[in-house]
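Engineer: These are the residues of each chain, in order.
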Amino acid sequence: MEHKWIYELIVEKIPPFSYLPKKYVSLFQLFIMEIAGIVIALHFNLPFSALLYGSLVILVVVLWSLLMLKIAPTIRSFRTSLSEEENRVIEEYKRLLFHPDHYEIVPGIVFMAIASYYLITNPAYLTRFTGNTGTLVYVFIGLLLWDVSYRAGLGIWVGMISLRRSRELYLKSLQRKELEHTLLYDLNSMERLDRSILFFGIISFLLFPVIISSVRLTFLISFYISILFTLSTLSMYYIRRVPWLPPDIFDLLKMGKFAYVGTVESGKPHITPVVYVFDGRFVYFATSRASRKFKNIKNVKRIAVLIDERDPKDLFKNKAVLIRGEAHILGISGLIYALPTLIRVRNLFMKKFQRYMKVYRRDKSKLPRAWQLTPLIRRIPIKIKPEEVIYWRGARMIRIPL
Amino acid sequence: MIPPRILEILHMNYFGYLCTLDETMTPHITPIFFVYDHRNKMIYSLSGENSKKVKNIEKNPEVSLTVDMRHEDDPFSNEGILVRGRAKIFSKEESRVDMLPEILEIYEVFKNKYRKFTVVGETSDVMIRFEIHRITHWIGPKFTSIVVRK
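Chains G and E, in that order, give the protein sequences.
Residue numbers for the first sequence follow our numbering, beginning at 1 and rising by one.
Residue numbers for the second sequence follow our numbering, beginning at 403 and rising by one.
There is no bait here: all hints are sound.
Under the rule of at most 30 Å between Cα atoms (straight-line distance), these lysine-lysine pairs were calculated in the DSS-like manner:
#1 E/Lys544 / G/Lys358
#2 E/Lys457 / E/Lys552
#3 E/Lys552 / G/Lys295
#4 G/Lys254 / E/Lys454
#5 E/Lys515 / E/Lys443
#6 G/Lys257 / G/Lys177
#7 G/Lys319 / E/Lys515
#8 G/Lys301 / E/Lys552
#9 G/Lys383 / G/Lys298
Partial list, derived from the structure: chain E residues whose beta carbon lies under 7 Å from chain G:
#10 Met427
#11 Pro429
#12 Ile431
#13 Pro433
#14 Thr468
#15 Asp470
#16 Arg472
#17 Asp476
#18 Pro477
By construction, these hints were calculated from the structure, which means they are not laboratory data.
Positions of the beta carbon are idealized from the N, C-alpha and C atoms, including for glycine.
Make the full structure from the sequences, and use the hints.
Structural biologist: What follows is the structure, given as structure tokens:
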């Protein structure tokens, strides 16, 4: 049975939310909270600034809700890992996040308790916004406070459990055998999820105008944001180190030097050998702007790359991996974004092809224009984004799920 | 006229890399065994009838093949050829009678070339005949291109 978060259940089961298409739920929530806020503000003659501050808090609640409704289905959609151990980590991750006892509200309750304690012991903080008013205002503020606390708690809960998942996946991935691996698209979703948590933290900055008058609240929220940042960046750090390929293929890609690159030349296939590097995630090769394959890739992005290892004595020990997908030109246009990648790729080339580079440097004058290694101007790195991976071990063909 | 050096590459190498296109226009590459018949300037290869390359060729006969000698230390010594052309599939059953001698002969050539590696033809149901249109030859950075058939 599929478990859900309380907020999701409310949205799905309780009218009027349950009648709305999912994408409008948060917008509708924004609308009714705002209306309620305005009615209360008018009725109790609250200052206009109270309305503004209240609206800001409502905006944060709604943005967080949007993120939650995006994150939850992603987490539930993870497929079975092809490593038993790693699959256990993923299953445990789902189980903790969607526990039938709703552990996810625990941090929210803690936050609510801390905030309530602060507001009760420092009544001046609230009256600065509202003046002395009726109970209904406090009820509304209490509701809003719970909305904020519950979501903030959920953010930190997902962040914590995700970091744990990433770290364990990484550790388990070091012990993989042969064809064991966790699927690429799921690893990518996990990374996206960690980025969402980072974004969750960024949204909290919107609370600053409301809390800046209180040193202690400012400190608390800043602390909260820095924890979210730490959790999500650490989690991304680990998850990026989990190979999306099984060790057999990973080693083949690391060890190989030459690749065959297939491109499309006006409706016909074209194939050439290249030297390549593999950074643990993607295969890269560099090509000259003047080359046929560069022109082909500019026209049609579809690409295939085959890397193989030949056993000179026994054909049945030959291995080959074919990666098919899309070529990405790392050109000048995306320079700033791609700069770390470009430096990494360049270093990998320098290390892997030391002897080649030596020859290039020595015979610089003899080089034809197309071979001159002026990075980015004549030689353009190409990244291969995989969509299909096929592996041959001897005569056996294995499709590697992504 | 195919220069002797290219003939040498075609005759002396055991592996070629065949590139085909599928219906989504995505290239597909497989390492293949092949033999070259200089009399009709055709390249032959054997394959299982359900292989991806056979399916691709049935839909789009345009193929390209590369045969190369790699050099680990010196990029100036890398040498190879890119052969472009059109392929045709011959299954054992549908082979026309007049094709049979050609097919049987090619099987023999195959057996001879790959004798020391494997038993040829046991799992291969179809023969791919590959008509050469154009050959590009390179040594290091120097490229030359010749047209074999128009």
